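**Student:** Let chain A serve as the given structure and place chain B on it in line with the hints.
Order-wise, the sequence lines are chains A and B.
Sequential numbering from 1 applies to the first sequence in our numbering.
Sequential numbering from 388 applies to the second sequence in our numbering.
Because the hints were derived from the structure by calculation, they are not lab data.
The structure presented is a predicted model; accordingly, all values stated were derived computationally and were not measured.
It cannot be assumed that every hint is accurate.
Facing chain B, from chain A, some residues (calculated, C-beta under 10 angstroms) [to be verified]:
| id | residue |
| --- | --- |
| 1 | Ile30 |
| 2 | Leu40 |
| 3 | Val44 |
| 4 | Ala45 |
Beta carbons: idealized from backbone N, C-alpha and C, even for Gly.
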Amino acid sequence: MGKKVGIEVSIAAAEAVGLCDVDVVAAYPITPQTHVVEHLSELVASGDLDAEFVPVESEHSAMSVCCGSSAVGARTFTATAAQGLALMAEIVYIASSMRLPMVMFLSNRALSAPLSIWNDHSDTMMVRDSGWIQVFCENGQEVYDAIFHSFRVSEDPKVSLPVMINVDGFNLTHVIEPIEFWDKEMVKAYLPPFRPLSKLHPDKVLSMGAFGMPEIYAEQKQAHDVALTSSTPVILQGWDEMAKLTGRKYSAVETYRAEDAETLIFAMGSICETSTIAVDKMREQGKSVGLVKLRLWRPLPMGDLRKLLAKAKDVVVLDRSIALGAANAPVTSEMRALMYHEPQRPKIHCMIAGIGGRDVTPDDVVKMVNMALSEKDYEYHIYGVRG
Amino acid sequence: MKVKLREIVPFDKEAEEKAIQKDHGLHPDDKYLKPGRIPHIWCPGCGLGVVLTSFIEGMRRKGLSVDQCAVVSGIGCTGRVAGYLDMDTYHTTHGRAIPFATGLALAKPDLHVTVFSGDGDLFAIGGNHMIHAARRNVNLKVLCVNNFNFGMTGGQVAPTTPLEARTSTTPLGNAEPGFNLPYLAHAAGAIYVARWTTFHPRQLVHSISESLGKKGFTFIEAIAPCPTGYGRPNKLGSGLEEMRYYREMSQIRNGADLRDTEIRLREKIIVGTFINTDRPDFMENYMGKVVARARAKGKGKEKGKAA
Chain A
1 MGKKVGIEVS IAAAEAVGLC DVDVVAAYPI TPQTHVVEHL SELVASGDLD
51 AEFVPVESEH SAMSVCCGSS AVGARTFTAT AAQGLALMAE IVYIASSMRL
101 PMVMFLSNRA LSAPLSIWND HSDTMMVRDS GWIQVFCENG QEVYDAIFHS
151 FRVSEDPKVS LPVMINVDGF NLTHVIEPIE FWDKEMVKAY LPPFRPLSKL
201 HPDKVLSMGA FGMPEIYAEQ KQAHDVALTS STPVILQGWD EMAKLTGRKY
251 SAVETYRAED AETLIFAMGS ICETSTIAVD KMREQGKSVG LVKLRLWRPL
301 PMGDLRKLLA KAKDVVVLDR SIALGAANAP VTSEMRALMY HEPQRPKIHC
351 MIAGIGGRDV TPDDVVKMVN MALSEKDYEY HIYGVRG
Chain B
388 MKVKLREIVP FDKEAEEKAI QKDHGLHPDD KYLKPGRIPH IWCPGCGLGV
438 VLTSFIEGMR RKGLSVDQCA VVSGIGCTGR VAGYLDMDTY HTTHGRAIPF
488 ATGLALAKPD LHVTVFSGDG DLFAIGGNHM IHAARRNVNL KVLCVNNFNF
538 GMTGGQVAPT TPLEARTSTT PLGNAEPGFN LPYLAHAAGA IYVARWTTFH
588 PRQLVHSISE SLGKKGFTFI EAIAPCPTGY GRPNKLGSGL EEMRYYREMS
638 QIRNGADLRD TEIRLREKII VGTFINTDRP DFMENYMGKV VARARAKGKG
688 KEKGKAA
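Same shape as in the complex, but just chain A:
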């Protein structure tokens, strides 16, 4: 077992990437992601990590470099946020469609305009249909562990898809937390060397990124969808193996005091930790409230979610982004769609909270739950908005 140290989450994540012995890191500076790549560049410069660090000229180039390096069989890592991901978006879709394994550290930040460097989930929701595996993290230890897990899942020949680790910008990236480190033996036992299904090599010539005529495009998309949805067992197995090594057991959906709860708070990311305090408060007041935290956003663990949500009377979704002009915010929309054909379904309320870095306290969560339970229109609400 590794030692426990107080460390900034970004630095710990970079240390984890270093332990994974990546071959290529390509990234462009963007707040609040920079500490990750800065520390990686230090590891490369000091000789602790034998990797190519490519200080590219834009995020579009960063993701392009990653596609190239992954295509030749190099273990690949990048990190970005909001506007960076938006600029990358073209290649983000290509990376997953071409089944190129890589790991992205996404420090979630609000999309411009207005220009904001603070946390919400609008960036990752923008690429939610891109075919990447998307996981959310609640605290620093989860971020650190997620790095090893993501490389393992991404490079598994049965999966061969890129993985995006969502880490709340500033709320999580810039805080100092006690994190239990892994040692080299643990990583060696957990993460096998990267053996790609196919790679560009002069001895065995192949073409990648070829033209998809109408006769083949739909089949390719279906194949991608099947690959993504059937990656769940590998993802779960990765967490099971990790539990044996570290004693920390992760799963796709987790709950907090939810067994008998009539009302469920549904959240993703660092807001979950805030919500647990709110749940305790409401339980003290004798209210039957629990929390559902979703870790695996893509592929969505539909069976688990249906089973959990069906037991409740009300579900209050804390959405961290807005889908302008849509029926509802992204996470609420999906939960409502998921429960539509169920014989027993809860009322699903939508509270859009903490966008553009607006602070959400446990009291705010309590208020949101009360607001949601007393509402009559079942429309979405932007909590705390003025005017």
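**Tutor:** For chain B alone, kept in the frame of chain A given last:
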């Protein structure tokens, strides 16, 4: 939410100016700067204040009012300029100042459009726009503040960072040489190219006012100290010491051969006005070569006039 609504008072510029006068006395640049936005966010010792003041002085010398000018900036420390100037300004996304300004300059040919942005913004993520705007000779004045790194995000390596210079992402020194910006601008087609450091505010003002009188794509590189981002890892000292460094290292050579203007760490920096020439700008070519021919054939209509 415990956020209290702020009382909304209609903005009274006269009262605001009086309040500023009362607190700080009248500054000659007050009518160019947005009241209430100063003090700025730049670090002590940063050269951006000098460049901003020089730009305002250049405008004043040219007799341009805030209504005749527009400033477009990108992302980064320099990008904040757009928020401080009391005129029509636009703070674009990272690297996209030039395309936005191109649209502005074409739609309003009489407007003096200045792109006021940093080296990282103009030459990394926005490098492609820069060379194409210069090639087209769009009527834009590009004022590039070069501090040799991405300052805002914490001093990472940029395409202008000299070979062997240290930054937060090149802790043992940069393995790549930096761009020779005046040479690049000239090669791409700029009609006016100058480089000064913030130790040369008079020359910088002169170049800015001179470029404001040109019709076409002009490029001025203003080298500015960045004691927080670039100065510290390269042991250039405080802002003042970095100014001393620029005094010692700078060599004024107007009309220098641009092959010699590359910047290396701890070597002389050639400054001056290098190129001052004229060629038809984009609008002139477009009106003269495309629109005029279409009209000669009886095609094309003037906007706003009935068919």
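**Student:** Take the hints in turn and mark each one as holding or not.
**Tutor:** Tested hints:
Because the smallest distance between the Cβ of isoleucine 30 of chain A and any Cβ of chain B comes to about 6 angstroms, under 10 angstroms, the interface hint for this residue holds. For leucine 40 of chain A, the interface hint holds, since its Cβ comes within 10 angstroms of a Cβ in chain B; the closest pair sits about 9 angstroms apart. With its C-beta approaching chain B no nearer than about 9 angstroms, valine 44 of chain A sits inside the 10 angstroms limit, and its interface hint holds. For alanine 45 of chain A, the suggested interface contact is upheld, since its CB lies about 4 angstroms from the closest CB of chain B, less than 10 angstroms.
This entry satisfies every hint, going by the numbered hints stated previously.
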